[in-house]
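There are 2 protein chains.
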Amino acid sequence: MVLEELWRGVAILYVINEDSANRVLNSLKRLHVSAFAFKYSPDKLDLAWRCFDAIVLMMPVSAAVRLLCPLIKDKTIDRPVVVVSEDLRYAIPILGAHWGANELALELGKVLQGVVPVITTASESYGITSIEEFARKLITKIMNPELLSKVNAELLREGCVEVHGLTALPTWVKGNYKLNGDCKYKIYVLSEEPKMDFAENVLILKKLKLSIGVGSKRSTDTKLIKYAVLDVLDRLGVGIDRVDVIASVHENIKNVAEELGIRFMLVPLSDIGKFRPNDDCLTPPSEALTRLGIIGVAEPLALIAGGPTARLIMRKVVYDGEVTVAVAAHE
Amino acid sequence: MVLEELWRGVAILYVINEDSANRVLNSLKRLHVSAFAFKYSPDKLDLAWRCFDAIVLMMPVSAAVRLLCPLIKDKTIDRPVVVVSEDLRYAIPILGAHWGANELALELGKVLQGVVPVITTASESYGITSIEEFARKLITKIMNPELLSKVNAELLREGCVEVHGLTALPTWVKGNYKLNGDCKYKIYVLSEEPKMDFAENVLILKKLKLSIGVGSKRSTDTKLIKYAVLDVLDRLGVGIDRVDVIASVHENIKNVAEELGIRFMLVPLSDIGKFRPNDDCLTPPSEALTRLGIIGVAEPLALIAGGPTARLIMRKVVYDGEVTVAVAAHE
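As they're listed, the protein sequences go chains A and B. 1 is the number of the first residue of the first sequence in the working numbering; add one for each residue after it. 1 is the number of the first residue of the second sequence in the working numbering; add one for each residue after it.
Be careful, since some hints might not be right.
One copy or any two copies: either way a pair holds, since identical chains are not told apart in the list.
[Said to hold, decoys possible] Here are the computed lysine-lysine pairs in the DSS-like style, where the Cα-Cα straight-line distance is at most 30 Å:
hint	residue 1	residue 2
1	Lys44	Lys75
2	Lys73	Lys39
3	Lys274	Lys39
4	Lys174	Lys39
5	Lys39	Lys150
6	Lys226	Lys141
7	Lys44	Lys73
8	Lys226	Lys29
9	Lys178	Lys137
Derived by calculation from the structure, the hints in this document are not laboratory data.
Please construct the entire structure, taking both the sequences and the accompanying hints into account.
Right, dumping it as structure tokens:
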């Protein structure tokens with residue numbers, strides 16, 4: 001995982017020093033990472049764990065360990081966590097070192113003067129891409145998760161795992177994944193759920209469909225919107241063929257959708273106001289939106305267009321201060 | 001807690017780099033801390049947690065956190081833990097920062113060239129002496145532990161706690177302990193269990209009796225033995241009046257016991273061989289002792305002399321290479 005892959009952003013939780021938290025926040029924003037700072041509370045930690053792709057805890061390591069223990073399940077699914085001391089002297093990966101925390105600490109060390117990244121993993125070990133991570137980055141659903149522990153164990157033993165349904169292995173893959181070979185386990189990346197039974201050593205990843213929500217002014221140049229949509233897909237590492245629908249409150253975005261060959265959905269602004277008022281995973285709205293009684297634009301649009309199974313995979317990204325794009329995935 | 005108070009010593013667990021572990025081991029020995037290095041295994045971590053007063057884990061912080069989580073209960077009783085990276089670049093308190101881990105990391109930073117102590121607690125907070133720690137250092141048994149959480153909470157709220165049965169507060173006490181005052185909770189430090197009922201706001205600490213085991217050569221000067229016994233009591237911060245019995249395999253130690261006004265117990269060497277063969281909290285014996293089929297001398301002697309309720313509170317300390325002294329506490 002590198003910083004650009006923290007699609008759902010980084011939550012910064014601080015205890016006392018809001019100034020230090022804002023320095024970390026602004027550094028991450030300069031690195032083009034979607035980041036948010038919250039004053040620590042048990043609820044905010046829970047929110048960070050559920051809704052963000054990485055967490056920065058600004059508190060003593062020993063306090064952070066006690067708070068995290070009840071949340072920790074398995075390194076293949078836990079969030080990477082970095083402790084940044086409130087005096088901004090140290091950035092210490094304390095969870096998921098090889099799953100993004102080391103890189104986050106190293107990047108903070110580069111952009112925040114004086115912060116020492118405290119890396120304690122052996123340099124020769126780089127981890128492997130777990131099946132969960134592989135499935136997440138390909139934006140797929142694991143159809144038979146009961147096989148996960150066996151396939152992950154095979155990779156840890158440096159046994160190979162065959163991948164079918166891709167023309168090439170993604171560049172970010174680490175570990176003994178192979179396009180061909182005679183491996184014990186096989187992964188099929190499919191667009192549709194298989195109708196027939198499949199063998200016991202086959203893991204099925206079903207490609208999810210993407211819905212894109214676009215926020216813009218009525219006057220915004222549609223060229224900028226088209227650029228923004230393609231740029232977001234580029235960040236996700238997927239092609240336009242994975243997109244099912246583009247949604248907006250403005251009729252003129254239909255032209256962009258047609259140019260891209262994608263279905264368009266017009267959503268009345270009033271529908272956004274009523275949408276999932278308690279979904280705390282949505283990016284907190286600006287004061288202007290709150291005054292209008294609206295919880296957001298691009299993110300609710302992506303989720304509405306994606307239907308009941310949709311979940312946010314990329315928080316809204318802002319382009320030129322007037323276009324926002326968010327992406328949800330659905331079955 | 002300062003280093004001299006790690007009476008039961010420090011366990012160092014390493015994964016790969018035994019040389020680094022030995023450098024930490026020798027540094028702690030130079031600081032007069034009883035220290036032992038073990039190759040990590042789940043059993044050794046369990047041993048370290050049960051039998052030692054502090055732990056150094058030589059592994060990545062993120063691995064250490066996962067291993068410790070199942071053991072963590074409460075900061076008043078958990079062991080202080082410091083991660084030292086196997087490349088000896090960092091010493092990071094990850095548990096019990098204010099309960100000894102910060103001091104251990106800082107001391108390692110002083111004696112091990114190049115090791116940076118990564119302190120992440122705010123400098124203005126120094127913690128308080130928990131009731132458990134207060135009871136441990138006074139070598140007492142908490143007779144009504146059900147009151148502990150309330151009294152600790154009172155101290156954390158900076159409310160006062162009255163102490164009866166001491167002529168002065170020990171110098172190491174932190175927090176609002178008072179010899180006099182009108183406090184909500186009172187602590188009584190008593191030599192005997194009270195025969196009558198006591199009020200609901202009274203916490204009873206019963207002084208434990210000490211048994212001392214002495215290992216020596218038949219030819220050892222008894223002056224050295226007397227010095228060693230008094231020095232160990234000085235380290236424990238208690239007077240000779242707390243000692244119930246001194247045990248040895250040599251008849252001539254009886255003179256030392258008589259000079260100090262303490263009961264003497266002669267224990268045949270054969271009794272040591274049979275004593276608690278499965279007690280893995282005892283200091284691992286030297287090869288010479290193992291060849292004799294003996295698991296130790298001073299520690300088993302202290303435990304035998306203390307009877308069935310005895311537990312080791314100070315690992316054997318060596319004087320001039322020929323006297324060992326260990327201390328157990330019993331009811």
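Cross-check of the supplied hints:
1. Lys44 - Lys75: This pair counts as both: shortest intra-copy Cα distance 21 Å, inter-copy 23 Å.
2. Lys73 - Lys39: The answer is both: 24 Å in one copy and 26 Å across copies each meet 30 Å.
3. Lys274 - Lys39: This pair counts as within: shortest intra-copy Cα distance 28 Å, inter-copy 59 Å.
4. Lys174 - Lys39: Between. Shortest inter-copy distance 29 Å satisfies the 30 Å Cα cut-off; intra-copy 36 Å does not.
5. Lys39 - Lys150: Only across copies: Lys39 and Lys150 sit 28 Å apart there, 40 Å inside one copy, limit 30 Å.
6. Lys226 - Lys141: Close inside one copy (28 Å), not across copies (73 Å); limit 30 Å.
7. Lys44 - Lys73: both (19 Å within a copy, 23 Å between copies)
8. Lys226 - Lys29: within (23 Å within a copy, 68 Å between copies)
9. Lys178 - Lys137: For Lys178 and Lys137, only the intra-copy Cα distance (17 Å) is at most 30 Å; the inter-copy one is 60 Å.
Figure legend: structure checked against the earlier numbered hints; every hint is met.
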